[in-house]
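Those protein sequences? They're chains A and B, same order as listed.
Start counting the first sequence at 1; every next residue gets the next number (UniProt numbering).
Start counting the second sequence at 1; every next residue gets the next number (UniProt numbering).
By construction, these hints were calculated from the structure, which means they are not laboratory data.
A couple of the hints might just be wrong.
Unchecked claim - Chain A side only, calculated, beta carbon under 8 Å to chain B, not exhaustive:
#1 F11
#2 R57
#3 S102
#4 L110
#5 R135
#6 R302
Remember, predicted model here, so these are calculated numbers, not experimental data.
Note that the Cβ used here is the ideal one computed from N, Cα and C, for glycine as well.
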Amino acid sequence: MAALTGAGRYFDGRTARPVPVSLRLEAGRLAVSGPDLRRDWNGLDLRAEDARPPLMRVGPADTPERVEFSDKALAAALEALCPDLHVGPAGQGGTLTVALWSMAAGITLLGLAAFGVPALADAIAPLVPAAVEERIGALVEDQIGSLLGNPPACAAPEGRAALGRLVTRLRGDLPPGLRVSVRRSRTDANALTLPGGRVMVLSKLLDEARSPDEFAGVLAHEFGHVAARDPTRSLIRSSGIAYLLGYLVGDVAGSAVIVALGENVLSAGYSREAERAADAYAVAAVTRAGGDAAALATILERIAADRDESLAFLRSHPFTRERAAAIRSRAAPPAADRPPLLDAPSWAALRAICATNPPG
Amino acid sequence: MPERGGEIAFDRSLAGLTGIVVKGFLLTLVTFGIYRFWYATNLRRFFWSRTLVDGSPAAYTGHGRDLFLGFLVAIVLLAPISTGLSALSLLLPDSPLVASGLGFGVLFLLGQFALYRGRRYRATRTLWRGIRLGQDGSGLAYAALATAGWLLVLATLGLAFPFMRAALERYRIRHTLVGTSRMESDARGLAVLRSWLLLWALVAVPVVLLLALGLAEDGCGPMLDAPLTLPKERAEALPDWVPTSCDSVVQVLAAVFVVLLVVAAPMVLVLYPYYRARETRAFLSAIRLDEVRLVSHLTAWDLYRPYLAYIVQCLKLGVVITLGAAVLAVLATLFFGQAVSQNGEGPIFGMAIVVAIYAWYLAASVVLYVRVLKAGLWRAVAETTWISDAAALGAIVAAARGASSSLGEGMADALDGHGIIDIGL
Chain A
1 MAALTGAGRY FDGRTARPVP VSLRLEAGRL AVSGPDLRRD WNGLDLRAED ARPPLMRVGP
61 ADTPERVEFS DKALAAALEA LCPDLHVGPA GQGGTLTVAL WSMAAGITLL GLAAFGVPAL
121 ADAIAPLVPA AVEERIGALV EDQIGSLLGN PPACAAPEGR AALGRLVTRL RGDLPPGLRV
181 SVRRSRTDAN ALTLPGGRVM VLSKLLDEAR SPDEFAGVLA HEFGHVAARD PTRSLIRSSG
241 IAYLLGYLVG DVAGSAVIVA LGENVLSAGY SREAERAADA YAVAAVTRAG GDAAALATIL
301 ERIAADRDES LAFLRSHPFT RERAAAIRSR AAPPAADRPP LLDAPSWAAL RAICATNPPG
Chain B
1 MPERGGEIAF DRSLAGLTGI VVKGFLLTLV TFGIYRFWYA TNLRRFFWSR TLVDGSPAAY
61 TGHGRDLFLG FLVAIVLLAP ISTGLSALSL LLPDSPLVAS GLGFGVLFLL GQFALYRGRR
121 YRATRTLWRG IRLGQDGSGL AYAALATAGW LLVLATLGLA FPFMRAALER YRIRHTLVGT
181 SRMESDARGL AVLRSWLLLW ALVAVPVVLL LALGLAEDGC GPMLDAPLTL PKERAEALPD
241 WVPTSCDSVV QVLAAVFVVL LVVAAPMVLV LYPYYRARET RAFLSAIRLD EVRLVSHLTA
301 WDLYRPYLAY IVQCLKLGVV ITLGAAVLAV LATLFFGQAV SQNGEGPIFG MAIVVAIYAW
361 YLAASVVLYV RVLKAGLWRA VAETTWISDA AALGAIVAAA RGASSSLGEG MADALDGHGI
421 IDIGL
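Next up, chain B with everything else stripped away, as it sits in the complex (with noise of 0.2 Å):
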């Protein structure tokens, strides 16, 4: 075998995946939802094992039931606080944004807590070369300083944002373990704040362009209501190079503001995926494990690719679906012309275009997303990340420490938007 030391792999084949999601879709549809917590575990174990570090797989540990239990106790959980807030919304009748605004908080503090504690079961359950990962630190400590990281971002109209994130990641990466060894983590926003201004600019030009036509129009407003509110004689006394000059200011800002947010809008879309890549690369070059340094060479094209590939791929299916159904239909017609003549061919190609449209969005949606959007996305941070000194990893030792519970998993289900079938640690 050749020895690839140093180098994170990852299996581009993707032999058996698609058989695991078909099988996951169906038996989730079937089982009114419940089979996604198994669905979800043979995603992980895939992905896992299919990662190479250093030669060796991943292993992922966790069991489908596991989810389960943690989504029962979870609904459990969740019952009486959001009956809680639903009450309190009634309890404050003349304060809505008071009791929304305290659901809103608590919901964000619950689902900040179930990622970390999620991840935390995550991190139990991931073996390599026999060794258990873990993960301490509290969940609360996460939510909290969570809350205080998008606090501050909010009072800085979103300057603060790499900050923030750079703080949850040193604080993910510096409870998590392998076996005896603490990883390591100095991120920095200020390393990526270069990357995040890029996109902040795009927002706030707009934004301020919006401040300068709102203070243009009430400076110029009353000045362009003068004509209709004054009596005629007086109206005709205005020096009418005032209104002229503050219709064109207002005009030419409207008009610049429009642009910019039609540019800008899809421009945020477009760029988010180049400021991850930054962030990743920032934040996975700044993991330490003992000796051993993460290098990353991550590219905003990397991340770019898989969804580029995914638009593509699902334009094709769409094309070759649709000519399917096409051929389909006309060959309905042609054998059983006779009987559907008399109720006109309009139901057949109905039938056709509803089914091939469901098919498309099923496939799409379900089969391509896994395969070809997040396996792409996977591998892109896999291959292009490097173990700096790969002999002194042999230096990690097993630690005696069980694995979690998995709380986590199932309010991270029951909260996050998302789902539990995104994969990642």
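Chain A with its partners taken away, still in its complex shape (with noise of 0.2 Å):
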């Protein structure tokens, strides 16, 4: 092979300052000439750094010795040459190697969201304060008020009492803070229960419940929520998630809906642990009250049935039926002359706790 030359210019790593050198590249040596400078270089020892082409910056791997020359031939001429010429430093994988680890991290991460949070969730809440919780419980009722609309709360006297009296045969040994309210809604059957013992009914719950039993069996239901704290839980599990997710995700195009996404399909499979847990507590009480405990598996379908189809479908349809089967499995039946859970002038009276409201 013939030998190839072109101008440089050279610097030694230590200034900035260009030296005008000529390239003669012969049998895989580079030498490099100018005043008093001679190099000598192997050409497998080389190493390109970035640059467009033309223009080529090289310079063996282990100086800070460095020529750049901008010449078609030559920088050719060394591609063919020196096979690791763009080879990077030591222990700088390729991408596959690096996709592949940074794969095996976010799964790690996502593992960590998925498993790791809600043990944690589940060791903290425990240790969190009364008096935290019931702060936090009152501003969770702020909001969940705003979000229904900010229904009335009921206070019938009569119905308030009959309340007070079901939930004294309910509740076992829970923590005094306990609170039961009932707000009006027309559309939605349903109990919710918040931090710091807070239980919410919704009117249309005792609308559609026929029985003090059915209303104990979902009461007693929410009760199982508080004495397992599932609402601190939940809370510090669906922030720990939803932080971790949305610095694991960063800034990409729509994050926001992929961390949404992401702690819903996470925390869905601890809610139906938790229903399932607080769906045995509601059975252990009401039968301990002496009430008919599969009374809240009838209601249970009964509002389900009511509900979108297209969501009872996706979701609470099949797992409504397994619940059912599990809370009629668990409950004994009711001794035949038992006294009912409420009389029948409480329950009426109950019923019509939100009566004296004004229309809303």
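Taking the hints as your guide, dock the two standalone chains into a single complex.
And the structure:
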């Protein structure tokens, strides 16, 4: 192969002073010569830095010395001659390695969000002081209230007295902070448990319930959430998951949707578990109080049937059936001659708890 | 090789950039976002190495794994801080303003700290002719300076903005080193005050009018209400010029205010690049390195051009993709028409539209964003900047300084809304 020559600039890597040099590529070696300067580099040692062709910046891997030139023929010859020209420093993996490792890291962080954060939430929730939980509960109640359109609280005195009697029969050894309120709602038959032992009953539930046992079952189910401190746990869990997922995904297009979706998916499994545990608690509490625990299954199925079909099909329906079956298998049939959980006048008063409120 | 001393040049062909962007984006998706640190590294390597200062390319020597580690440390460090901030809002339920103000202040301080330390990471990973750049100074001092500056801006209703910018620029530049040489900046806010006032007036005048409007309404209010509250016979006794003149004053002021707001809001948006161009030119021209000065000839048009090009390219792409989707949908109905006709043609067209919109969004927000907008702005600033005395650059000597940690980059990734993909020193 004939010798290739060209002109370039030499930099010693210690100063920014350019030294004009002539370059000569022959027999696998790059000779650099200029005023007071002679270098003879082995082509196998040469590394090129990132630059836009035809500009090439090249020098031995183990020294900071470099030459820059813009000679196409010389650049092509160097590319052909030096196998390691574009090899990065040791320890710099290829794209595939990096992609696989970052996928593994991503899965690890997802796993941390899916398993580590819930475990952490379970560990932290019992440590939250009652006063803090109380404050969180007040905040959440405000938010839920405005989400529901600020439904008025129902407080007919006879109804409240009946509710108080039912709560006393069901509460077992729940902490004294327990508070049950009824809010007027014509659309949603539901009950919610908030942090700090706040249970919120929406009045449509009372309209839907056909017996005190059915309502008692739902109430005891919510008490199950209170006993397990589920609202506080789920609050810690969902903010932890959102924190981790938010930073994991970063600023990619549409990341907010991904985070919200991921949080829902990861939380869903835990909420099912919590529902089952609360059902079991309800069966025990209602049975202890002398009621018919299977009534919870009945009202559950009736309310689920009323709900939006597409949603029911996707999520609640099979789960509701499974829950109802589990409740019935646990519930012992009540004694035939038992007194009702609430006598007829009390039950009527409880159902009329919203009656004195102005229509809302 | 033609010696083009004294010039800062940027590769106009951008060959290879689209590949980096597409690969980086797709891998970021499949790695749940983690690959973004390597993607950002590849982007920086490209932009640095395509920028020639006096004929020699800059080199970025950072690694994706540094950024990833910085990110891991940052999420661990930020977890107690963000927990503490949420706890604070629970502890002070009666004064949400104090809690949220304190939270904002802490996050702002941390964000500025992270920006400064992130810049140190990038500076110490930047080499030119084998000479490493550096940055000293303190991230905390910078964050304090930024906080004081912003407080001053708030106190002066925005008038101090260019002075705050200049103070931060001076701090950054005066703590930047090239080898053993320290950069010097005499950036002054006064130099760009006029450009800023133009922008400021657009906002200030409607606000002043709004206040005047409020005062006028206050003055006229009781009289306007008077006929309603007073007994009828006394209402008629009121001189009738008072309500009408007040009415018309309020109406005129309201109309002027609405017009100004409608005109001013887009004007501010349109004029901000003009201010940024003036500021960049003034601040760059204020930089000195030993005997060497930078001279910037950046015009506002240089910054508008990439934005316009980006808008035009996005629209063009939208047209092309719409046409393509339409052709595909027609072809699909032609070929599978028989089978589809039972279900109607709705779903196919619907799907085609969704796919087309998503493809357009993806290409526009990912590829065109980097290729047209980011690269365009970078090139505009680079190519309008000159070095006064290129020969004097030869006197720069390398320093025995190492590279710094990447914690700042990780924190900036977590705190900064723009994300780590933003390129620049």
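Hints versus structure:
1. At a threshold of 8 Å, the smallest CB-CB gap from A/F11 to chain B is about 5 Å, leaving the interface hint in force.
2. Taking 8 Å as the C-beta cut-off, the interface hint given for A/R57 holds, the closest approach to chain B being about 6 Å.
3. For A/S102, the suggested interface contact is upheld, since its CB lies about 4 Å from the closest CB of chain B, less than 8 Å.
4. Interface restraint check for A/L110: the shortest CB-CB distance to chain B comes to about 6 Å, inside 8 Å, so the restraint holds.
5. Using the Cβ-Cβ criterion of 8 Å, the hint placing A/R135 at the interface with chain B is satisfied: the shortest such distance is roughly 5 Å.
6. Taking 8 Å as the C-beta cut-off, the interface hint given for A/R302 is violated, the closest approach to chain B being about 36 Å.
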